[in-house]
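**Student:** Residues per chain, in single letters:
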Amino acid sequence: MSEKAQHLSKLFAPGSIAVIGASQNPGKVGYAIVKNLLESGYPGKIYPVNPREKKILGLKCFQSVKDIPPSGKNGESVDLAVIAIPAARVLEAARECAHSNIGFLIVVSAGFKEVGSEGFELEKELAAFCRQKNIRLLGPNCVGLIHTHTPVNASFARGFPQKGHISFISQSGAMLVSIIDWSEIAGLGFSHFVSMGNKADLHETDFLEYAGGDPSTKVILYYLEDIVDGQKFLEKARFISAVKPIIVLKAGASPAGARAVTSHTGALAGSDDAYNAAFRQSGVLRVDNMEELFDMAFAFVNQPLPKGNRIAIVTNSGGPAILTTDQLEKAGLQMARFSPETSKELRSYLPPEASIYNPVDVLGDATAERYKFALEKVLQDSEVDGVITLLCPTATTDTTHIARAVLEVRKQYHQKPLLGVFMGGKEIQEGQALLKEAGIPCYLFPERAVAAMDGMIKYYKNATEIRQKIALQKSDPRKWEPDKTEELYDTAPVKAAFYDALRERRLVLLGHEGARVLSAFNIPAAPSRLAREPREATRIAEEIGFPIVLKIASPKILHKSDIGGVVTGLANTSEVEKHFKEIMLRAQRVTPDASFYGIEVQKMMPPGMEVIIGSSYDVQFGHLLVFGLGGIYVNLFEDVSLRLAQNLEEADIEEMIRETKAYHLLRGFRGSSPLDVPSLKEAILNAARLVTIFPEIREMDINPLLVYEKGVCAVDVKITLSHIFMNDTHPISEHEELLAGQFAERRI
Amino acid sequence: MLKKIYIMGRAGSGKTAVALGLSLLWQEKGLKIAYFKPKSTGKDLHRKHDADALLFKQVLELPWGPEQIAPLNFDPTYIFGTPDYNRPTIEKADAMLEESFKVIAGNDEGIMVVEGGRSPCAGMSYSLDDFSLAEKWDIPVLFISTLEKDDDLDQIIFYNNFLQAKGLNMLGNIFNNVPAAILDKVRNTYHPLLEERNCSVRGIIPAHPDVTFPTVAEFQEALKGEILCGEENMGLPVEEIVVGTMTTERALRYLRRALNKAVITGGDRSDMALTALETSTSVIILTGGLHPDIRVISRAREKGIPVILVPSDTYATIGALQGVVRQIRPQDSSTVALVKKEVARYCSWEEIEEEL
Numbered sequence: 001m002s003e004k005a006q007h008l009s010k011l012f013a014p015g016s017i018a019v020i021g022a023s024q025n026p027g028k029v030g031y032a033i034v035k036n037l038l039e040s041g042y043p044g045k046i047y048p049v050n051p052r053e054k055k056i057l058g059l060k061c062f063q064s065v066k067d068i069p070p071s072g073k074n075g076e077s078v079d080l081a082v083i084a085i086p087a088a089r090v091l092e093a094a095r096e097c098a099h100s101n102i103g104f105l106i107v108v109s110a111g112f113k114e115v116g117s118e119g120f121e122l123e124k125e126l127a128a129f130c131r132q133k134n135i136r137l138l139g140p141n142c143v144g145l146i147h148t149h150t151p152v153n154a155s156f157a158r159g160f161p162q163k164g165h166i167s168f169i170s171q172s173g174a175m176l177v178s179i180i181d182w183s184e185i186a187g188l189g190f191s192h193f194v195s196m197g198n199k200a201d202l203h204e205t206d207f208l209e210y211a212g213g214d215p216s217t218k219v220i221l222y223y224l225e226d227i228v229d230g231q232k233f234l235e236k237a238r239f240i241s242a243v244k245p246i247i248v249l250k251a252g253a254s255p256a257g258a259r260a261v262t263s264h265t266g267a268l269a270g271s272d273d274a275y276n277a278a279f280r281q282s283g284v285l286r287v288d289n290m291e292e293l294f295d296m297a298f299a300f301v302n303q304p305l306p307k308g309n310r311i312a313i314v315t316n317s318g319g320p321a322i323l324t325t326d327q328l329e330k331a332g333l334q335m336a337r338f339s340p341e342t343s344k345e346l347r348s349y350l351p352p353e354a355s356i357y358n359p360v361d362v363l364g365d366a367t368a369e370r371y372k373f374a375l376e377k378v379l380q381d382s383e384v385d386g387v388i389t390l391l392c393p394t395a396t397t398d399t400t401h402i403a404r405a406v407l408e409v410r411k412q413y414h415q416k417p418l419l420g421v422f423m424g425g426k427e428i429q430e431g432q433a434l435l436k437e438a439g440i441p442c443y444l445f446p447e448r449a450v451a452a453m454d455g456m457i458k459y460y461k462n463a464t465e466i467r468q469k470i471a472l473q474k475s476d477p478r479k480w481e482p483d484k485t486e487e488l489y490d491t492a493p494v495k496a497a498f499y500d501a502l503r504e505r506r507l508v509l510l511g512h513e514g515a516r517v518l519s520a521f522n523i524p525a526a527p528s529r530l531a532r533e534p535r536e537a538t539r540i541a542e543e544i545g546f547p548i549v550l551k552i553a554s555p556k557i558l559h560k561s562d563i564g565g566v567v568t569g570l571a572n573t574s575e576v577e578k579h580f581k582e583i584m585l586r587a588q589r590v591t592p593d594a595s596f597y598g599i600e601v602q603k604m605m606p607p608g609m610e611v612i613i614g615s616s617y618d619v620q621f622g623h624l625l626v627f628g629l630g631g632i633y634v635n636l637f638e639d640v641s642l643r644l645a646q647n648l649e650e651a652d653i654e655e656m657i658r659e660t661k662a663y664h665l666l667r668g669f670r671g672s673s674p675l676d677v678p679s680l681k682e683a684i685l686n687a688a689r690l691v692t693i694f695p696e697i698r699e700m701d702i703n704p705l706l707v708y709e710k711g712v713c714a715v716d717v718k719i720t721l722s723h724i725f726m727n728d729t730h731p732i733s734e735h736e737e738l739l740a741g742q743f744a745e746r747r748i
Numbered sequence: 001m002l003k004k005i006y007i008m009g010r011a012g013s014g015k016t017a018v019a020l021g022l023s024l025l026w027q028e029k030g031l032k033i034a035y036f037k038p039k040s041t042g043k044d045l046h047r048k049h050d051a052d053a054l055l056f057k058q059v060l061e062l063p064w065g066p067e068q069i070a071p072l073n074f075d076p077t078y079i080f081g082t083p084d085y086n087r088p089t090i091e092k093a094d095a096m097l098e099e100s101f102k103v104i105a106g107n108d109e110g111i112m113v114v115e116g117g118r119s120p121c122a123g124m125s126y127s128l129d130d131f132s133l134a135e136k137w138d139i140p141v142l143f144i145s146t147l148e149k150d151d152d153l154d155q156i157i158f159y160n161n162f163l164q165a166k167g168l169n170m171l172g173n174i175f176n177n178v179p180a181a182i183l184d185k186v187r188n189t190y191h192p193l194l195e196e197r198n199c200s201v202r203g204i205i206p207a208h209p210d211v212t213f214p215t216v217a218e219f220q221e222a223l224k225g226e227i228l229c230g231e232e233n234m235g236l237p238v239e240e241i242v243v244g245t246m247t248t249e250r251a252l253r254y255l256r257r258a259l260n261k262a263v264i265t266g267g268d269r270s271d272m273a274l275t276a277l278e279t280s281t282s283v284i285i286l287t288g289g290l291h292p293d294i295r296v297i298s299r300a301r302e303k304g305i306p307v308i309l310v311p312s313d314t315y316a317t318i319g320a321l322q323g324v325v326r327q328i329r330p331q332d333s334s335t336v337a338l339v340k341k342e343v344a345r346y347c348s349w350e351e352i353e354e355e356l
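Sequence lines, in order, name chains F and E. Per our numbering, the very first residue in the first sequence carries number 1; after that it's consecutive. Per our numbering, the very first residue in the second sequence carries number 1; after that it's consecutive.
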């Protein structure tokens, strides 16, 4: 555990707690907090603070935190103050806490940035004060926190959850109180509940670090609307997810939802695609709803992880088994194929009508013994990684007995996950409860079981890959760290191209500049040069060789072909000259106000398969990299895969390519020859490094990149730079001297 | 002897900036400068004096009052008369001009810079166009224009020929606010062509955002909206206008490509406003009278970007912004300095002076 995380452990196990705004009135939050602290069995000292009260719930009440006497043999001060007074007085209370050397504050009071500009300023002031005094602050506008192992309930939530190993960290207080209430009937135990509120200081990454190193936490759950520092969160998540599952329910997946999140949290939400890619690469499991979040949590806490994706089904009815099979297939999991021995043994014991292949149907009249036998056999089979057992209550089914049989099997075979699906109502209740009590997730319908199994498989695979990757990166940092990978390339032409654009006050590179940038990063690009007038174009054409493509050069025109700004297949100088003029004419007519730099004269490349490599900068996570079917099909089929450019490595790239339909074409589709995938991979890796080394690139589209049987070639590239480098202090200015000769000021 | 120069050109060509740059350079050289603008525009009920007259008076420390420097108002509706005087007569207008001209041309040394009207033809119905005035007072002409397209070139040649045909002394042409994209074309294609047609070129000034583009303040003047924050940065230039009505993900592409832009979006689109604030934005104009989320204001304040709230819808707002142009004000000292620097750098100002 890092120093900072260790520091947070005191927040969850404070020696003493002051409750500022404690109350006698049962309707007040200040009353609920004292009551919760008392009822949670908190072993430390509780100091209610309220100048108008003498005693609260039997505890001596203090006028101010300053009046609380130092306790313990060393005269320690209070560790934590929970503040529940009107927002306007919170800062004053924080000052008193600082005076009394209190290291942690939980501000449950509302009335801060969620209510408007005054509250916003107040919150900023409070956060700045805490930072200055080295006080860590949870909230404001939060419900508080719970740690069942300490135990402590420093919240105004109703009830106290069962002790368990799940940490639930929530940006929504309402979500948290509902889950505490629900957990009681769901039989789910928790180690921590944290309501982060407005996240003025402590936020998801702080708690991730803490929970990652906390021995009482086995699974970390999040409800998030935004992430304060995306890159930091990922960096930590990557290491922690390799040892414990992190499951996130991220709200705002739809565009309307994202807008709602923006207005709710004021965060500039990163794109949902970026969240998906980021979570995936850092081993974080993303779920779509609350049910899935807790289904998975329960499975992770109680079940061993599956080492592969081969799943067996043991059922007493056909229909549900088929449904489950469909769901498994849809999730990309495999139906296990039993070893001959397993089939043989099943055959020898089960009735002749029973199905001895996967799904194993032990039939509607199955007894507990029959279930037990079948489950034992499939769990023993090395071709099986996990088992889902289904039950439908027929007239002869003894659900309770069967549940007990499942528990016996579990005791003996606990290396592989075993999930139950008991479909029904009254009849199955007792059996379901028995399984849950023993830590076997038991669902009402197959979909949830498959989702939980899928989550566990994904997590295991991710965690394994991440562990390998971390080891690999440690072994050769030159391949991964941007400042080290930079040495692999000649970056001078890139800097020169950026310098050219920025000094002309352009954020968009012209095509030939883009080609120069790509070439510097070992991504082959079709030779291209800018011509300002027809004769120059014919001269360039002769130099680079026919056939030729002409493209209008204007940063203002996004889709050049739409306005007739591109002509291909020009075979001689007279054609080049003619079409130069025609393009200019067309472009001028369509966009009379745009200025054109001239026309790009490019070598026409032989046809190849068109793919796209793109990148866009995401505010939360940095550069995203896109690969997919290119050319005009990008928008039509949207056959793309996404990853974060940072830390992208060969296995990710391989996976990225395989995820798309383009992969089948690359491999050689219906008799066509396979294409040069290794060169493509290298181009993707180089593109990822380009945007990582030059973060000033905000957007890049290499579309299309032609893939041949041998080699690849970029024929169109758009690069947009960030404006923040367009000022006196931009880093490019350091190269100014170097380039001064090349770009000497021209005067008439 | 007092030398004179008549700086004329089409509307929006940046005559004032060039005139100011030249005047400052000559003044620095020790020459006494007089400035005269026979035909003012933009004086109205809200603005008592011609803005350029005030600018020159203050920056060059001229002794004359603005009403002397710019005696006549020649708005586009001048034929009906203006607040200055009733329906003008040639005699009356001419007399007013002559009177002021005499006062300002009273110096017996230095240079008198005469700046033309909003277009060289303005006032032609009363023979008070720039050609006629230059001819009457016998002042050599420096012609200022923007030059972006072949059409512009033809018009420039026409004006040059016309001036020469009138027997005026043509000092030459200065091309102003030339976009970077066509700078090479202007230098290598248009310039030689003009010289061939006997039109001499005295300067090619590249567009500079701080001189070429209107500022947020000028936008605000047209919009008359409520400034929610960023009042201290109303001098930021606005190079482009982007209307944000799509999803932020789609808009990002456009937002990222446009430099120093005004983003017009609904007050309820906090997502758009916040996204725009992360790109190169000079002002956010929120329409529909809808106050934004407080976080928009807070972020804008951090970044020093003005946010203006207007009651009109997006369409009407864009309409109101048509025709907003850059106007240099006396207090824009950095712009004044920049104008001088740019003219010194890109124009043969000493040669021009020698030829007067």
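Derived by calculation from the structure, the hints in this document are not laboratory data. Quantities reported herein were computed from a predicted structural model and do not represent experimental measurements. Ideal Cβ positions, reconstructed from N, Cα and C, are used throughout, including at glycine. Take the hints with a grain of salt, since some may be wrong.
Within a straight-line C-alpha distance of at most 30 angstroms, the following computed DSS-like cross-link-like pairs (lysine-lysine) qualify [unchecked claim]:
#1 E:102 <-> F:556
#2 F:578 <-> E:303
#3 E:303 <-> F:133
#4 E:149 <-> F:603
#5 F:10 <-> F:344
#6 F:35 <-> F:55
#7 F:244 <-> F:133
#8 F:124 <-> E:149
Footprint (simulated), chain F over chain E, 3 or more residues, beta carbon under 8 angstroms [as the list claims (entries may be wrong)]:
#9 99 to 107
#10 243 to 257
#11 284 to 297
**Student:** Would you mind marking each hint as holding or not holding in the structure?
**Tutor:** So, going through the hints one by one against the coordinates:
For the proposed pair residue 102 of chain E and residue 556 of chain F, the alpha carbon gap of about 50 angstroms is over 30 angstroms, so the pair is violated. Restraint check for residue 578 of chain F and residue 303 of chain E: the C-alpha separation of about 49 angstroms exceeds 30 angstroms, so the hint is violated. Restraint check for residue 303 of chain E and residue 133 of chain F: the C-alpha separation of about 27 angstroms stays at or below 30 angstroms, so the hint holds. With a CA separation close to 28 angstroms, the supplied pair residue 149 of chain E and residue 603 of chain F stays within the 30 angstroms bound.
Taking the CA atoms of residue 10 of chain F and residue 344 of chain F, the gap is near 58 angstroms; set against the 30 angstroms cutoff, the hint is violated. With a C-alpha separation of about 13 angstroms, the suggested pairing of residue 35 of chain F with residue 55 of chain F holds against the 30 angstroms cut-off. At most 30 angstroms may separate the alpha-carbon atoms for a hinted pair to count; residue 244 of chain F and residue 133 of chain F exceed this at roughly 33 angstroms. Proposed proximity of residue 124 of chain F and residue 149 of chain E is contradicted: the alpha carbons are some 53 angstroms apart, above 30 angstroms.
Proximity of the stretch 99 to 107 of chain E to chain F, defined as three or more residues with a beta carbon under 8 angstroms from a beta carbon of that chain, is not established by the 0 residues found. With 7 residues carrying a beta carbon less than 8 angstroms from a beta carbon of chain F, the stretch 243 to 257 of chain E meets the three-residue requirement, and the given coverage holds. Counting residues of the stretch 284 to 297 of chain E whose CB falls under 8 angstroms from any CB of chain F gives 4; the rule of at least 3 is met.
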